[in-house]
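Novice: Single-letter residue listing:
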Amino acid sequence: MGTVYALASGKGGVGKTTITANLGIALAQRGKKVLLVDADIAMANLSLLLGMHSSPITLHDVLLGESSLQDAIYDGPGGVSFVPSGLSFESYRRVDSSRLTGLIDSVKEEFDYILLDAPAGIETNVMSALSASDNVILVTMPISPSIADVLKTKIVAERLGAKPIGIIVNFVRKEKGEILPEDIMKMLELPIYGLVPYDEEIRKAFMREKIMPTILFKPNAKAIASINEIAEKLTGVSSAEIKKKKKSFITSFLNKLFSIFKRKPKQSSKDDIGEETEEESFDQNELPEISEDSIEIEK
Amino acid sequence: MNSIKSLATKLLGLDKTEIPKTQLSAISEILSKHNFNTNTTDLKKLLKLLKKKHLVDQICVASRNGSVIASTANGNGLKDAIIGTAMLNYIKSEIPKSETVLIKSDEWYMLMPYKNKVFIVRAPASLSTVEFNALAKEVENKILKGKSF
Numbered sequence: 001m002g003t004v005y006a007l008a009s010g011k012g013g014v015g016k017t018t019i020t021a022n023l024g025i026a027l028a029q030r031g032k033k034v035l036l037v038d039a040d041i042a043m044a045n046l047s048l049l050l051g052m053h054s055s056p057i058t059l060h061d062v063l064l065g066e067s068s069l070q071d072a073i074y075d076g077p078g079g080v081s082f083v084p085s086g087l088s089f090e091s092y093r094r095v096d097s098s099r100l101t102g103l104i105d106s107v108k109e110e111f112d113y114i115l116l117d118a119p120a121g122i123e124t125n126v127m128s129a130l131s132a133s134d135n136v137i138l139v140t141m142p143i144s145p146s147i148a149d150v151l152k153t154k155i156v157a158e159r160l161g162a163k164p165i166g167i168i169v170n171f172v173r174k175e176k177g178e179i180l181p182e183d184i185m186k187m188l189e190l191p192i193y194g195l196v197p198y199d200e201e202i203r204k205a206f207m208r209e210k211i212m213p214t215i216l217f218k219p220n221a222k223a224i225a226s227i228n229e230i231a232e233k234l235t236g237v238s239s240a241e242i243k244k245k246k247k248s249f250i251t252s253f254l255n256k257l258f259s260i261f262k263r264k265p266k267q268s269s270k271d272d273i274g275e276e277t278e279e280e281s282f283d284q285n286e287l288p289e290i291s292e293d294s295i296e297i298e299k
Numbered sequence: 001m002n003s004i005k006s007l008a009t010k011l012l013g014l015d016k017t018e019i020p021k022t023q024l025s026a027i028s029e030i031l032s033k034h035n036f037n038t039n040t041t042d043l044k045k046l047l048k049l050l051k052k053k054h055l056v057d058q059i060c061v062a063s064r065n066g067s068v069i070a071s072t073a074n075g076n077g078l079k080d081a082i083i084g085t086a087m088l089n090y091i092k093s094e095i096p097k098s099e100t101v102l103i104k105s106d107e108w109y110m111l112m113p114y115k116n117k118v119f120i121v122r123a124p125a126s127l128s129t130v131e132f133n134a135l136a137k138e139v140e141n142k143i144l145k146g147k148s149f
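Line order of the protein sequences matches chains A and B.
The first sequence runs 1 to 299 under our numbering.
The second sequence runs 1 to 149 under our numbering.
Calculated from the structure, these hints are not laboratory results.
Misleading hints may appear alongside valid ones.
Claimed, not checked - Partial list, computed: chain B residues near chain A (C-beta under 7 Å):
{"#": "1", "residue": "T17"}
{"#": "2", "residue": "Q23"}
{"#": "3", "residue": "H34"}
{"#": "4", "residue": "K53"}
What the hints assert, rightly or not - Over 12 Å on every C-beta distance to chain B, these chain A residues come out as not near it, computed from the model:
{"#": "5", "residue": "G12"}
{"#": "6", "residue": "K33"}
{"#": "7", "residue": "A42"}
{"#": "8", "residue": "Y74"}
{"#": "9", "residue": "S88"}
{"#": "10", "residue": "R94"}
{"#": "11", "residue": "E110"}
{"#": "12", "residue": "M127"}
{"#": "13", "residue": "S131"}
{"#": "14", "residue": "S144"}
{"#": "15", "residue": "P191"}
{"#": "16", "residue": "M207"}
{"#": "17", "residue": "L216"}
{"#": "18", "residue": "K256"}
{"#": "19", "residue": "F258"}
Keep in mind it's a predicted model, so treat the numbers as computed, not measured.
Even for Gly, the Cβ is constructed at its ideal location relative to N, Cα and C.
Between the sequences and the hints, there should be enough to build the whole structure, so can you do that?
Specialist: Below, the structure written as structure tokens:
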């Protein structure tokens, strides 16, 4: 049985969709079966980021009872499965988002992780996404309006019986006036799952002829390193292990190839598997521990 | 270029931003007002807590035949239970697939059948069906869990 995570924020523009897409692919790269759901039925941005906005059957059709959810699951980029939301304003006005919980429950068996990209705000559509999830990951920026909004989202999630489990702080620039991770943890009474630095490469993902998540065209970007760390925390599979697997796959392939010619294989070089460069790695040692035990909450 | 600029800003102390501490303490206060521990074995107490949690005026849980299981109303909400279930039964007979009934009066009067019970809620603003469902689910789970009810 898979676990359903809703990525929610309250405030718009904090990077929920970008994090959902990249985190989903990072989980899939760890050998997990991942379903991404564009639960933002009004503003289908995840569908745009994954380049699947013109899919014939969408979540709108499913919520309207005109198609089954199975028909709306597509193979997305990077090994994820994906349920797009529709762009049509007419169908959006007719859909009943409260049906989402039952629909998600019906496919839980087929996936290890189901990530719901929740809309901004705390209105009905957000409640539907929160209610359909087992766990809620709150995404915020290190500034007070974003934290105030995410706090309200946390309260709403708890009212609905959903379980907020952690925070992702996005657009971290390490400026003096930014709210510190320790303060965010104290205020929200939740552990921090990751600090994602501000990264121009993320913005550039939308400035391409073929829009795609940054993890696919710039896997060594600073923000992607942080997202990989979050995926590692969720799955227990590190980026190093993925590289090792890739390496052993290449070695075994070369072994097979060379055994045909009875020649000794050459070791695969680092360049073959896209080793990270030191210059692009983000110092994750500065992140606070995510374990719930490690937080001292002032009651 | 950006990293050089950011380093220079830090070294020269040009970053004039600061953490808005007064705002942060105001934000912290919001959460302290919304911490609800609904871990109680007393059904009436639970309904009172849920009243605060969901910001509603009154909650009445009735059986399908109109008898009161629990209520936050003074006088145990017998009137609410009888009228609520009768109204719901009538609407169900006319619109069999109806799941929730919302009536706008001076306040909102909301009815929802859940499992073998009827939930009757009065509130200044309407609850979404998702939230109403969460409220009913929480009560039902407590009833199933605690045999002392």
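Novice: Which of the listed hints are broken here?
Specialist: 12, 13, 14
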